[in-house]
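J.: In case you want the letters, here they are:
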Amino acid sequence: MPGKLKAKIVAGRHLPVMDRASDLTDAFVEVKFGNTTFKTDVYHKSLNPQWNSEWFKFEVDDEDLQDEPLQITVLDHDTYSANDAIGKVYIDIDPLLCSEAATVISGWFPIYDTIHGIRGEINVLVKVDLFNDLNRFRQSSCGVKFFCTTSIPRCYRAALVHGFVEELVVNEDPEYQWIDRIRTPRASNEARQRLISLMSGELQRKIGLKVLEMGGNAVVGYLQCFDLEGESGLVVRAIGTACTLDKLSSGTSSNTNTHTHPNTAPASNACNSPSKDSKEAVFSEDPPSSSAPPTPLKVLPSSSPPPISPSKPCSRQSSSSDTDLSLTPKTVRTRPGIFLSPSSPSLSSESLPLPLIGPIAHGLRPVSRASTPPPLFTVQSDSAVMRKCVSFNEDLLLAASGMGSGGSAGKEAGPLKTLLRQQTQTALEQREFPFFTLTCFPPGFLIHAGGVVSARSVKLLDRIHNPDEPETRDAWWEEIRQEIKSHAKALGCHAVVGYSESTSICEEVCILSASGTAAILNPRFMREGCLDVGGSDHRLSRQPAPVMGGSDRVEGEFSSAWLGFEDSSPTSCGFCHIPYDEFNMPFPAQLTYCYQCRRQKVPDVLFTTIDLPTEAVVNGKGCLIQARLCRLKKKAQGEVNATAISNLLPFMEYELHTQLMNKLKLRCMNALFGLRIQISVGENMLLGLASATGVYLTALPAPGGIQIAGKAPGDLSYEQHIATIQKRINDTIAKNKELYHIHPPEVTEEVVGSPIPEPRQRSRLFRSQSESSDDLSELDLSHGKKDAFVLEIDDTDAVEDIHSLLTDAATPTGFYSCNTEIMPGIQNWTGSLQMFTSVRVFRLSNANLTNQGLNKTFVDLCENLLKSLYFKLRSMVPCCLCHLNFTVAVPEEDLIQVAVTAVAMSFDKDQTQERPGLAITKGSGETEEQLQFSLELCAESSASNQPPGRTSGVTDSGNAHPSSRAPSVDYGSFADRCSTWLELLRLKAHTIRRGSVKTISSSERCSPLPEGRSRSLRSTRSFGGGSVTVVKMTPLSFIPGTRVVKYLGIINMFFIRETTSLREEGGVSGFLHSFIAEVFAMVRAHVAALGGNAVVSYSMKECVFMENPNKNQAQCLINVSGDAVIFARDSDLEATPPLMSCGQVCSSGTDGTT
Amino acid sequence: MSLELDVFVGNSTIIDIAVYHLWLDGYTVADAVRARVDCRAMLDCDVSAEVLHSDTMDQFRTFHMCERLLHCPVKLSNQLLFQIPPQSQSMLIERYYEFDSAFAREVLGKKLSKGTKRDLEDVSSKTGVALKSCRRQFDNFKRVFKVVEELKGPLVENIQRHFLLSDTLARDYAAVVFFANSRFETGKRKLQYLSFQDFAFCAGQLISYWTVGAVNNMVDDMDVDLEKEFLHELKDIKILINDKDMLDQHKSLVCAALRGKIKVFNEMEANFKHLSRALVNIASKLNNTKDVRDLFIDLVEKFIEPCRSDRWTVGELKLFLTHYTTAALSIGTFRYQLAWERYMGVMRSCIIKMYHE
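In order, the protein sequences belong to chains G and D. Residues in the first sequence are numbered consecutively from 134, following the working numbering. Residues in the second sequence are numbered consecutively from 711, following the working numbering.
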């Protein structure tokens, strides 16, 4: 009996009228957990009942606590007939199981009914008392923290990154059970909601167990997905990155302490390793030049031996899939100087014995300089795998897409790479899958990024016979992961970062996809507790990683020493350097010396799935680049269908890549981040959508233009045609350079053939000792070739490509867009943000079912959607749409569905230009910045955001920050604001013409008898603003200008909504509009009840919409997730104790508690 | 080939005021889009009609969903469905409850019943306010009336508390409620020249000085019903015209005070008895519930029109009424000074407000 769950039903409000006769409701509440149910009294004849119930207590296993949601049902009492259900609230109590998260859930929850939507609200209080459970064979994993955020959460530091965790559970879909024929749609929906809630609880628990066994205490980058396989079942699967996180409790973020609640739940000791920092090993550095084995200086005495032998997965009883759990490194390295002690997967909170390896890497460079002959690492075995038709390696495609092989030399880098690879490999090679779902890393973590690796496979679904043994699904994913792993190997990489998995299902065919970025990581992070960065938001807060007190400082130095590994080369370009062996390149590519350090080779383009690393130096701004593609497919069944699809896939990928590459060149950029390629399957078509954020990395060579080449050179008119196209392309490139503020270094000279600029020559000379002169010439050769990106228009396809290339509408002035977390070149966010979801479904008529027509339709659909977004958000200009996440689906034949979730964040245009250096140093401008934040806060606390399109809003913001803001009014938006204003005036004029005056104009009537009775009219109009906490939502992991002071737990919600009166609810749009609004409302309510004021890393994983207009019916399933947090404005933190700043948030909680 | 579904939902609800106005004015989506296209064409904005259509649809849907909440504005502030910044909330409410004076003028004094609602088409064509908008405004009147009807406490304050309206708007609503309750005659041809604002002002005066609430502010309907006792007392004022001595004394006092000060002195002197009789008769008629309705028509016919035909200026009228009131107070035998002052104070300001072309 390890836990006691307590719930109290306080009150309800805005209940629907259930009794037509009295226009009132006799409501009561059932509270159910597991198999236990309690009831409140009936509160007669009220729409705002005050139950104020006793505490209902459930004594349950912690396993159940993790799996089950608390289910609250509001009913209308009926003496004569059955009680009518008003609606339900499911409360996930997981956040209460972790002592560091929330301690109480208290607040108003929308009462939700799958048929009627939200019907009133209910005020609930929930608490959990956990008892200490030392049973090491337990099934629960209470206390393991889950984060959707794909970076180390802001108020933690990663002591250890353990690696990949995955799990999947399957079940029969209640919708397809026989019983569904006889039960009501409501019962069926609720069964489904409940089942999925249970399954995700179970999944989370099982993953938690794995994490505990690995010795971690948290999962970062937790990605959970549902596969609605229809007849064959329901799969819930999740992947994540297991970490050991320490709460930051020193240094700059003193605030975090105030929010750390004392460990009220002692049972969760397994997961917190409190203040490990204090006991951490202290390293001293080896002299950098020595290649002698560095000695581990000190290994901390571990007070108790690890209770479980790491290699024995005895405590694991999870029946379903698993990666090898005994991932703890246990080999002792052969290379001298690397000492590895097993990190213990201890279940108790004792500190881990800390192994040491770091200094080795440090000594590396001298070694390689001395050209120690290292064993050559070969990748030949993988090439066969890579060419499997279903899976395509991105770089293969690069090569295929017309990039000449630049063939390069550089004898020195090879050995070094190999050595490095060797080093780090051992750290990872014990792992079955050295994958990381993180997309953003602590500095120094990512050493090289090789390129995108992806794999897809087409499977035919079959019924899952035994839910407890989901072997087939497991095997499928295993296969794909193996493939990814081998691709990464082929790229000379030992790890995959920014890893994600997805599926697309149509009838019985399922496409499984996985993608990531092959990378070489710093092994140090894999083994020991010495990550020096954690909660400091290293990207946005314009400051270097905070120096922490005590032992951390040492690590900080250590880390910088590590970073110095690349010697004098700036670390900002390290990740661009090729990880693979130049002699054994897995594919032909053009290599040049890095434009920043001039030491290492870099490819001419770099595609990745990760976020732009903090240290990357970018020229200008980035932008969203999308490739869209539609391919018709014959309708077919079974294996024929699957074969047809898998035959189409490589061509689609190839074309998407060509499009991406063309668009990248057209924007004068050379790298893609956050690349996400989605291929959706429908009955008669395949949809492909690739989105990424293009940037110009200064480390990579300047992209050449695009050259059009015709096939029939003799034809004069044809030549002319080509010439005009060429001109248009050149114009577009020039325009884009301007638009994105890209000022490439004077590469143009080189292209024309001028000698290499001075500074470069020097660097080359410096290096030439170890290089043959051949290198130089070869390098130049590749330079010359760089411009030779040739598009041949010999067929209609190419013409079409070029057209689509040129028809992409430019983003309007004042807007930027990206699908990554941050936009390079923009730092000074104003803090105003707007998260939104937009969904469009397009019905194709049969007439245009050709590939071209289809493509155009699809492109238009996406472009129009973007245009609409720009228009709607015009009042936020200048602003950037961040994390633009497109999801495409083919819900039915002839239907294309596109869903977008993103956040619009406005920024201050002028400051960007005035203070470009802000990103690097916490400059003098900081005070000004803070001032602005505080002012903004004032404005917000009084009245929150200004209504868009109101001229007063303009003046407001102008006043708030007159010096720097005033000029920004003179921006694109102004015209729009004006226009709205004009529209308004026009309307006014219109009304006046009609001979009536709006009453508002009569405000200055004087009272002739002022001495009359003075009725003090309370001017304070109570809007009850305090009664509803404002909850911000963002798909990003941070909110600009603020600091996350506490993570309250993961939000993972699944809703079904159905209607049988579609027309009455405003058609499909009305139905979905209200459903999405309801989902937002429920997410906000849950966050507020946890005491939070924001959701970060929010995403809408699933939005499955089905309609049957003839029957006047529609159904929609939505799955959302995110991290509930408390944030505080940067300015508050310094001025007032943070508890004060979130007092408003807590007030709702305290109200109920006392 | 068509967009089957198109929605945009923000975490904070975005509201475009201009579109909100179009919606309130009863535009259909198509008309609203046309209006917006025209407006943008004027400004050379490069936005396609499709984008505007999509945006208008979204906004109209949002308003439609909010409308239910706007019927009970207090709900809007503590509902969870839409996250609307407080400023926008008050804007939404205020604009929703704003009404066209022309419309209000037509409905003023009528019973807020189904019958009246049926006649809204005529009102719409007469005032040029779209029928949809008329219906909304009428329903607003009715809703406010119903809620406030049974409440204790000051009318304006009640309206403000329940509908979260601005002071100005709440006062206008108070006037509407007051007129609807007392059913004053406002539709006669002779009253057509008076605007809603004129009546609203008068209503404010009546509420402030003549109702039950003027003396005791914790009674039901305190601001809707005129105080019976006061009206009863007014009967006694008749002595001012019935008692010949008093009438003469009154006249001479007024004449003495105004001599040389007004141009229309002669006309005033000649008409004094008529004018005084008119005012006093109106006062005594108020005692009869049915005659209360004729207050404004009586005022216009019996007092304002004679003055207007004699070309009094507003200043002269003001001066006259002031002295007319004070003179009566200084008549030694006149005992109903309190009632007189209370009566004349309101009459004076109402007459002055109503005295225009």
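Because the hints were derived from the structure by calculation, they are not lab data. Treat the hints with caution; some may be incorrect.
Only pairs whose alpha carbons sit at most 30 Å apart, straight line, appear in this in silico DSSO-like list of lysine-lysine [what the hints assert, rightly or not]:
1. D:K820 with D:K856
2. D:K852 with D:K785
3. D:K862 with G:K178
4. D:K862 with D:K900
5. G:K260 with D:K785
6. G:K178 with D:K856
7. D:K785 with G:K172
8. D:K824 with G:K178
9. D:K961 with D:K856
10. D:K862 with D:K995
11. D:K852 with D:K836
12. D:K820 with D:K900
13. G:K870 with G:K767
14. D:K836 with G:K178
15. G:K178 with D:K785
Here chain G is said to cover these stretches of chain D; the calculated rule only asks that three of the stretch's residues, wherever they fall, bring their Cβ under 8 Å from a Cβ of chain G [claimed, not checked]:
16. 758–771
17. 1016–1023
Beta carbons are placed, not taken as given, at the ideal position from N, Cα and C, and that holds for glycine.
J.: Hint by hint, say whether it matches the structure.
T.: Each hint, compared with the structure:
no.	hint	verdict
1	D:K820 with D:K856	holds, 15 Å
2	D:K852 with D:K785	holds, 19 Å
3	D:K862 with G:K178	holds, 23 Å
4	D:K862 with D:K900	violated, 36 Å
5	G:K260 with D:K785	holds, 29 Å
6	G:K178 with D:K856	holds, 21 Å
7	D:K785 with G:K172	holds, 28 Å
8	D:K824 with G:K178	holds, 29 Å
9	D:K961 with D:K856	violated, 47 Å
10	D:K862 with D:K995	holds, 28 Å
11	D:K852 with D:K836	holds, 21 Å
12	D:K820 with D:K900	holds, 17 Å
13	G:K870 with G:K767	violated, 42 Å
14	D:K836 with G:K178	violated, 45 Å
15	G:K178 with D:K785	holds, 19 Å
16	758–771	holds (count 9)
17	1016–1023	violated (count 0)
Checked against the numbered hints above, the structure breaks hints 4, 9, 13, 14 and 17 and satisfies the rest.
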